[in-house]
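Asks: Read in this note's numbering, the sequence shown has 208 at position 171, and its numbers run on one by one without any break.
Just so you know, these hints were derived from the structure itself, not from any lab.
What you are looking at is a predicted structure, and each value in this text was computed from that prediction instead of being measured.
Take these hints with a grain of salt, some might be off.
[Said to hold, decoys possible] In the PhoX-like style, the derived pairs of lysine-lysine whose C-alpha atoms are separated by at most 20 Å in a straight line are:
| id | residue 1 | residue 2 |
| --- | --- | --- |
| 1 | Lys199 | Lys164 |
| 2 | Lys80 | Lys68 |
| 3 | Lys209 | Lys199 |
| 4 | Lys164 | Lys206 |
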Amino acid sequence: GRILIDLCSCVPDGIVAFFVSYSYMELIVSKWHETGVLQQVMKRKLLFIETQDVVETSLALDNYRRACNCGRGAVFLSVARGKIAEGIDFDRHYGRAVIMYGVPYQYTLSRILRARLEYLRENFQIKESDFLSFDAVRQAAQCVGRVIRSKADYGLMVFADKRYNSHDKRGKLPRWITSHLHEQQLNLSTDMACAIARKFMRDMAQPYDRVGQMGKSLLDQNSVNAMAAAAGFGPPRIGPPP
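Turn these sequences into a full structure, and let the hints steer you where they fit.
Replies: Laid out in C-alpha coordinates, this is it:
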(Lines of atoms letter the chains of each structure in order from A; the text may use other names.)
(Lines give C-alpha, C1' and ligand atoms only; values in the text may rest on other atoms or scores of the structure.)
Protein backbone atom coordinates (compact mmCIF):
# COMPACT_ATOMS: atom_id res chain seq x y z
CA GLY A 38 0.00 0.00 0.00
CA ARG A 39 3.00 2.31 0.36
CA ILE A 40 3.31 2.74 -3.41
CA LEU A 41 -0.34 3.79 -3.67
CA ILE A 42 -0.01 6.34 -0.86
CA ASP A 43 3.11 7.91 -2.35
CA LEU A 44 1.73 7.98 -5.90
CA CYS A 45 -1.35 9.80 -4.64
CA SER A 46 0.93 12.63 -3.52
CA CYS A 47 2.82 12.99 -6.81
CA VAL A 48 0.34 11.93 -9.52
CA PRO A 49 -2.50 14.35 -10.33
CA ASP A 50 -6.10 13.47 -11.20
CA GLY A 51 -7.01 9.78 -11.50
CA ILE A 52 -5.16 6.61 -10.46
CA VAL A 53 -6.45 3.11 -11.28
CA ALA A 54 -5.35 -0.03 -9.45
CA PHE A 55 -6.09 -3.56 -10.72
CA PHE A 56 -6.15 -6.71 -8.59
CA VAL A 57 -6.17 -10.34 -9.73
CA SER A 58 -9.60 -11.19 -8.26
CA TYR A 59 -12.46 -9.82 -6.16
CA SER A 60 -11.49 -12.00 -3.19
CA TYR A 61 -7.87 -10.80 -3.32
CA MET A 62 -8.97 -7.17 -3.59
CA GLU A 63 -11.33 -7.57 -0.61
CA LEU A 64 -8.51 -9.10 1.45
CA ILE A 65 -6.06 -6.33 0.59
CA VAL A 66 -8.60 -3.55 1.16
CA SER A 67 -9.45 -5.07 4.55
CA LYS A 68 -5.76 -5.13 5.51
CA TRP A 69 -5.29 -1.58 4.25
CA HIS A 70 -8.23 -0.46 6.38
CA GLU A 71 -6.73 -2.09 9.49
CA THR A 72 -3.27 -0.59 8.90
CA GLY A 73 -4.50 2.91 8.05
CA VAL A 74 -3.49 2.85 4.37
CA LEU A 75 -6.99 3.76 3.17
CA GLN A 76 -7.17 6.71 5.55
CA GLN A 77 -3.88 8.08 4.20
CA VAL A 78 -5.02 7.61 0.60
CA MET A 79 -8.29 9.43 1.26
CA LYS A 80 -6.42 12.42 2.68
CA ARG A 81 -5.13 13.02 -0.84
CA LYS A 82 -7.78 11.56 -3.18
CA LEU A 83 -11.27 10.11 -3.09
CA LEU A 84 -11.51 6.31 -3.21
CA PHE A 85 -13.90 4.17 -5.26
CA ILE A 86 -14.11 0.38 -5.53
CA GLU A 87 -15.51 -1.91 -8.22
CA THR A 88 -18.00 -4.50 -6.91
CA GLN A 89 -19.76 -7.42 -8.55
CA ASP A 90 -22.96 -5.35 -8.61
CA VAL A 91 -23.32 -3.58 -11.98
CA VAL A 92 -25.35 -0.65 -10.62
CA GLU A 93 -22.94 0.03 -7.75
CA THR A 94 -19.94 -0.14 -10.07
CA SER A 95 -21.53 2.23 -12.61
CA LEU A 96 -22.32 4.72 -9.85
CA ALA A 97 -18.78 4.46 -8.46
CA LEU A 98 -17.29 4.99 -11.93
CA ASP A 99 -19.49 8.03 -12.55
CA ASN A 100 -18.47 9.62 -9.24
CA TYR A 101 -14.82 8.78 -9.93
CA ARG A 102 -14.98 10.74 -13.18
CA ARG A 103 -16.68 13.65 -11.44
CA ALA A 104 -13.89 13.77 -8.88
CA CYS A 105 -11.30 13.85 -11.66
CA ASN A 106 -13.22 16.54 -13.57
CA CYS A 107 -13.42 18.89 -10.59
CA GLY A 108 -9.69 18.53 -9.80
CA ARG A 109 -10.15 16.64 -6.52
CA GLY A 110 -8.53 13.50 -7.90
CA ALA A 111 -9.55 9.92 -7.16
CA VAL A 112 -8.39 6.31 -6.94
CA PHE A 113 -10.40 3.49 -8.51
CA LEU A 114 -9.78 -0.08 -7.31
CA SER A 115 -10.74 -2.62 -9.95
CA VAL A 116 -10.31 -6.29 -10.90
CA ALA A 117 -8.55 -7.80 -13.88
CA ARG A 118 -10.97 -9.71 -16.14
CA GLY A 119 -13.80 -7.75 -14.52
CA LYS A 120 -16.37 -5.41 -16.04
CA ILE A 121 -14.12 -2.35 -15.82
CA ALA A 122 -10.96 -4.00 -17.17
CA GLU A 123 -12.80 -5.43 -20.17
CA GLY A 124 -14.55 -2.35 -21.45
CA ILE A 125 -13.84 0.99 -19.74
CA ASP A 126 -11.13 3.40 -20.87
CA PHE A 127 -9.33 5.70 -18.43
CA ASP A 128 -8.04 8.17 -21.00
CA ARG A 129 -6.66 11.66 -20.36
CA HIS A 130 -6.95 12.86 -16.74
CA TYR A 131 -9.10 9.87 -15.78
CA GLY A 132 -5.98 7.70 -15.67
CA ARG A 133 -2.61 9.34 -15.10
CA ALA A 134 -1.26 6.22 -13.38
CA VAL A 135 -2.22 2.54 -13.24
CA ILE A 136 -0.97 -0.07 -10.78
CA MET A 137 -1.17 -3.81 -11.47
CA TYR A 138 -1.14 -5.79 -8.21
CA GLY A 139 -0.23 -9.41 -8.89
CA VAL A 140 -0.28 -11.57 -12.03
CA PRO A 141 -3.88 -12.24 -13.22
CA TYR A 142 -3.82 -15.99 -13.88
CA GLN A 143 -7.05 -17.69 -14.90
CA TYR A 144 -8.99 -19.94 -12.53
CA THR A 145 -7.45 -23.29 -13.49
CA LEU A 146 -10.30 -25.51 -12.26
CA SER A 147 -12.67 -24.18 -14.92
CA ARG A 148 -13.91 -26.96 -17.23
CA ILE A 149 -13.68 -24.68 -20.27
CA LEU A 150 -10.09 -23.77 -19.46
CA ARG A 151 -9.12 -27.39 -18.81
CA ALA A 152 -10.57 -28.40 -22.19
CA ARG A 153 -8.71 -25.57 -23.92
CA LEU A 154 -5.42 -26.53 -22.28
CA GLU A 155 -5.90 -30.15 -23.27
CA TYR A 156 -6.63 -29.15 -26.87
CA LEU A 157 -3.52 -26.95 -27.06
CA ARG A 158 -1.34 -29.65 -25.54
CA GLU A 159 -2.56 -32.43 -27.85
CA ASN A 160 -2.70 -30.46 -31.11
CA PHE A 161 0.04 -27.83 -30.78
CA GLN A 162 2.29 -29.24 -28.01
CA ILE A 163 1.84 -26.04 -25.99
CA LYS A 164 2.55 -26.54 -22.30
CA GLU A 165 -0.13 -25.53 -19.82
CA SER A 166 2.27 -23.30 -17.89
CA ASP A 167 3.33 -21.47 -21.06
CA PHE A 168 -0.24 -20.72 -22.10
CA LEU A 169 -1.32 -19.66 -18.61
CA SER A 170 1.68 -17.33 -18.26
CA PHE A 171 1.08 -15.81 -21.70
CA ASP A 172 -2.61 -15.32 -21.00
CA ALA A 173 -1.94 -13.74 -17.59
CA VAL A 174 0.63 -11.28 -18.93
CA ARG A 175 -1.62 -10.43 -21.88
CA GLN A 176 -4.43 -9.63 -19.44
CA ALA A 177 -2.09 -7.49 -17.34
CA ALA A 178 -1.06 -5.56 -20.46
CA GLN A 179 -4.72 -5.02 -21.32
CA CYS A 180 -5.35 -3.60 -17.85
CA VAL A 181 -2.45 -1.15 -17.82
CA GLY A 182 -3.18 -0.16 -21.42
CA ARG A 183 -6.50 1.32 -20.33
CA VAL A 184 -4.75 4.60 -19.52
CA ILE A 185 -3.21 5.09 -23.01
CA ARG A 186 -5.95 5.60 -25.56
CA SER A 187 -4.40 8.00 -28.10
CA LYS A 188 -1.04 9.28 -29.35
CA ALA A 189 -1.46 12.47 -27.34
CA ASP A 190 -2.34 10.60 -24.12
CA TYR A 191 0.10 9.66 -21.36
CA GLY A 192 0.11 7.70 -18.14
CA LEU A 193 2.39 5.90 -15.68
CA MET A 194 2.31 2.08 -15.50
CA VAL A 195 3.44 0.28 -12.34
CA PHE A 196 3.75 -3.52 -12.18
CA ALA A 197 3.67 -4.05 -8.43
CA ASP A 198 4.84 -7.66 -8.41
CA LYS A 199 8.43 -8.89 -8.55
CA ARG A 200 7.42 -11.73 -10.90
CA TYR A 201 7.21 -9.23 -13.76
CA ASN A 202 10.96 -8.74 -13.39
CA SER A 203 11.61 -12.32 -14.56
CA HIS A 204 12.44 -12.80 -18.22
CA ASP A 205 9.57 -15.28 -18.55
CA LYS A 206 6.97 -12.63 -17.67
CA ARG A 207 8.66 -9.53 -19.05
CA GLY A 208 9.36 -11.22 -22.38
CA LYS A 209 5.64 -11.83 -22.90
CA LEU A 210 4.68 -8.16 -22.53
CA PRO A 211 3.82 -6.41 -25.83
CA ARG A 212 6.50 -4.38 -27.55
CA TRP A 213 4.79 -1.03 -26.95
CA ILE A 214 5.39 -1.62 -23.22
CA THR A 215 8.82 -3.30 -23.29
CA SER A 216 10.23 -0.57 -25.56
CA HIS A 217 9.85 1.83 -22.60
CA LEU A 218 11.06 -0.62 -19.93
CA HIS A 219 14.74 0.03 -19.27
CA GLU A 220 17.04 -1.67 -16.77
CA GLN A 221 17.10 1.39 -14.50
CA GLN A 222 13.30 1.14 -14.16
CA LEU A 223 13.25 -2.46 -12.89
CA ASN A 224 13.24 -3.69 -9.28
CA LEU A 225 12.71 -0.20 -7.92
CA SER A 226 12.10 0.76 -4.32
CA THR A 227 8.99 2.81 -3.56
CA ASP A 228 11.06 5.98 -3.18
CA MET A 229 12.81 5.48 -6.52
CA ALA A 230 9.52 4.72 -8.28
CA CYS A 231 7.98 7.92 -6.92
CA ALA A 232 11.03 9.97 -7.95
CA ILE A 233 10.64 8.67 -11.51
CA ALA A 234 6.90 9.34 -11.34
CA ARG A 235 7.46 12.98 -10.30
CA LYS A 236 9.92 13.59 -13.15
CA PHE A 237 7.64 11.86 -15.68
CA MET A 238 4.60 13.87 -14.65
CA ARG A 239 6.55 17.12 -14.68
CA ASP A 240 7.91 16.44 -18.18
CA MET A 241 4.59 15.29 -19.62
CA ALA A 242 2.68 18.22 -18.13
CA GLN A 243 4.39 20.63 -20.54
CA PRO A 244 2.20 22.09 -23.31
CA TYR A 245 1.71 19.63 -26.16
CA ASP A 246 2.68 21.01 -29.58
CA ARG A 247 0.17 19.22 -31.81
CA VAL A 248 1.17 21.20 -34.91
CA GLY A 249 4.87 20.47 -34.42
CA GLN A 250 4.13 16.74 -34.05
CA MET A 251 2.37 16.49 -37.41
CA GLY A 252 4.27 14.02 -39.57
CA LYS A 253 6.16 12.67 -36.52
CA SER A 254 3.95 11.16 -33.83
CA LEU A 255 0.75 12.42 -35.47
CA LEU A 256 -0.28 12.11 -39.13
CA ASP A 257 -2.24 14.63 -41.14
CA GLN A 258 -4.40 13.68 -44.13
CA ASN A 259 -1.57 14.23 -46.64
CA SER A 260 0.73 11.88 -44.70
CA VAL A 261 -1.97 9.21 -44.56
CA ASN A 262 -2.55 9.52 -48.33
CA ALA A 263 1.19 9.26 -49.01
CA MET A 264 1.47 6.11 -46.87
CA ALA A 265 -1.55 4.59 -48.62
CA ALA A 266 -0.06 5.35 -52.03
CA ALA A 267 3.28 3.80 -51.03
CA ALA A 268 1.45 0.65 -49.94
CA GLY A 269 -0.39 0.42 -53.25
CA PHE A 270 -3.74 1.81 -52.11
CA GLY A 271 -5.57 4.73 -53.68
CA PRO A 272 -6.70 7.83 -51.78
CA PRO A 273 -9.61 7.26 -49.39
CA ARG A 274 -13.03 7.73 -50.92
CA ILE A 275 -15.40 10.05 -49.06
CA GLY A 276 -19.07 9.50 -49.71
CA PRO A 277 -21.54 6.65 -50.13
CA PRO A 278 -20.24 3.34 -51.52
CA PRO A 279 -20.65 2.86 -55.26
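Asks: List in ascending order the numbers of the hints, as given earlier, that are violated by the structure.
Replies: Hint 1 alone not satisfied by this model.
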